[in-house]
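Using our numbering, the first residue of the sequence shown is number 7, and each one after it goes up by one.
If you are wondering where the hints come from, they were derived from the structure by calculation, not from laboratory data.
Hints may contain errors.
Unchecked claim - Subject to a maximum C-alpha distance of 35 Å in a straight line, what follows is the list of computed DSBU-like cross-link-like pairs (lysine-lysine):
1. Lys-137 with Lys-77
2. Lys-59 with Lys-166
3. Lys-159 with Lys-66
4. Lys-217 with Lys-123
5. Lys-66 with Lys-203
6. Lys-59 with Lys-109
7. Lys-217 with Lys-112
8. Lys-51 with Lys-166
9. Lys-59 with Lys-112
10. Lys-59 with Lys-123
11. Lys-83 with Lys-51
12. Lys-203 with Lys-137
Claimed, not checked - FRET-style restraints, in silico, Cβ to Cβ:
13. Arg-72 with Thr-156: 25 to 33 Å
14. Val-60 with Met-145: 29 to 37 Å
15. Asp-87 with Asp-58: 36 to 44 Å
16. Glu-231 with Thr-156: 33 to 41 Å
17. Leu-61 with Leu-35: 20 to 28 Å
18. Lys-77 with Asn-53: 30 to 38 Å
Even glycine gets a Cβ: it sits at the ideal position worked out from N, Cα and C.
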Amino acid sequence: MTADKGKKLKVAEKIEDQENPDHEIDNELILSVERLQEVQDDLQKINEEASDKVLEIERKYNEIRRPVYNKRSEIIKSIPDFWLTAFLSHPDLCNFLSEEDQKIFKYMHSLDVEDFKDMKTGYCITFNFNKNPYFENTMLTKTLTFLDVTTTKLTGTTIKWNEGMGAAAGNNHEKEGTKRPFTEESFFTWLGETTQKDIVEVQDEIAEIIKEDLWPNPLKYFINEADEEENLDDDHEEENASAKEQDRDGEDGK
7 MTADKGKKLK VAEKIEDQEN PDHEIDNELI LSVERLQEVQ DDLQKINEEA SDKVLEIERK
67 YNEIRRPVYN KRSEIIKSIP DFWLTAFLSH PDLCNFLSEE DQKIFKYMHS LDVEDFKDMK
127 TGYCITFNFN KNPYFENTML TKTLTFLDVT TTKLTGTTIK WNEGMGAAAG NNHEKEGTKR
187 PFTEESFFTW LGETTQKDIV EVQDEIAEII KEDLWPNPLK YFINEADEEE NLDDDHEEEN
247 ASAKEQDRDG EDGK
């Protein structure tokens with residue numbers, strides 16, 4: 007109740023500031039605005055309740071999807087270079103893999119993306135590797151933790167490079183500004199680093215693409231379905247342009 011009274015006082019003060027001080031405040035206007043504020047408060051409560059319900063449903067279906075994701079991962083393990091091919095076929099992720107990274111990705115057998123249990127405070131991306139000549143780790147993770155509304159912490163696994171391999175994979179490159187030169191820097195530099203960023207200013211592009219685009223349907227990129235869809239769209243646009251041009255020619259000839 008105290009908060010509601012505070013809002014009403016603020017509303018009255020706001021209107022008083024806007025009104026000519028030489029005239030009496032329109033009490034009916036104040037009452038209308040206060041009633042409108044009450045309705046907005048009711049809508050806010052409903053929206054918050056709806057958000058909670060959506061999270062409950064998401065949690066439920068995440069549990070339902072988990073065994074299906076596990077089944078998918080087992081099948082993918084039997085397909086050579088699946089994740090390497092999917093990354094290289096992706097129009098954005100392909101830019102983040104150096105030639106040396108591609109050699110390492112040949113040893114990667116599975117990928118996993120999992121939200122935190124509350125579905126709100128972050129998620130973790132896990133890369134699983136067979137034994138390889140590059141590093142000792144068989145599992146590398148990138149965890150994004152949303153500390154508050156504007157700040158996120160990115161935590162990477164410390165990569166235990168085998169002797170002489172860290173520099174070869176681009177591990178010694180330094181970042182310049184907020185945009186990394188991915189064509190020169192290794193994907194594993196990003197994977198191994200731990201940073202804290204303002205998510206309003208800097209979105210972690212790689213993690214977002216993997217979670218929201220690649221992970222839901224990696225098969226689409228493995229078989230280049232995305233390119234085929236893009237080519238079909240281009241063909242349709244060319245056909246439409248050609249048809250319009252023919253219509254114009256027909257009208258000019260009349």
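Verification of the supplied hints:
1. With a C-alpha separation of about 22 Å, the suggested pairing of Lys-137 with Lys-77 holds against the 35 Å cut-off.
2. With a C-alpha separation of about 43 Å, the suggested pair Lys-59 and Lys-166 falls outside the 35 Å cut-off, and the hint is violated.
3. Between Lys-159 and Lys-66 the CA atoms are separated by roughly 26 Å; this keeps the pair inside 35 Å, and the hint holds.
4. Taking the CA atoms of Lys-217 and Lys-123, the gap is near 16 Å; set against the 35 Å cutoff, the hint holds.
5. For the suggested pair Lys-66 and Lys-203, the alpha carbons sit about 31 Å apart, so the restraint of at most 35 Å is met.
6. Between Lys-59 and Lys-109, the direct Cα distance comes to roughly 45 Å. Violation of the 35 Å bound is thereby established for this hinted pair.
7. Of the supplied pair hints, the one linking Lys-217 and Lys-112 holds, its CA atoms being roughly 21 Å apart against a limit of 35 Å.
8. About 49 Å separates the Cα atoms of Lys-51 and Lys-166, which puts this hinted pair outside 35 Å; it is violated.
9. For a cut-off of 35 Å, the pair hint linking Lys-59 to Lys-112 is broken: about 42 Å separates their Cα positions.
10. A hinted pair counts as satisfied when its Cα atoms are at most 35 Å apart, and Lys-59 with Lys-123 qualifies at roughly 15 Å.
11. Between Lys-83 and Lys-51, the direct Cα distance comes to roughly 47 Å. Violation of the 35 Å bound is thereby established for this hinted pair.
12. Distance hint between Lys-203 and Lys-137 is fulfilled; the C-alpha atoms sit about 33 Å from each other, no more than 35 Å.
13. Between Arg-72 and Thr-156 the beta carbons are some 31 Å apart, a value that agrees with the proposed interval 25 to 33 Å.
14. Separated by about 31 Å at the C-beta atoms, Val-60 and Met-145 satisfy the suggested range of 29 to 37 Å.
15. Checked against the hint of 36 to 44 Å, the pair Asp-87 and Asp-58 passes, with Cβ atoms roughly 43 Å apart.
16. About 36 Å separates the C-beta atoms of Glu-231 and Thr-156, a value consistent with the hinted range of 33 to 41 Å.
17. For the pair Leu-61 and Leu-35, the supplied restraint of 20 to 28 Å is violated, since their beta-carbon distance comes to about 39 Å.
18. At roughly 36 Å, the beta-carbon separation of Lys-77 and Asn-53 lies within the given 30 to 38 Å, and the hint holds.
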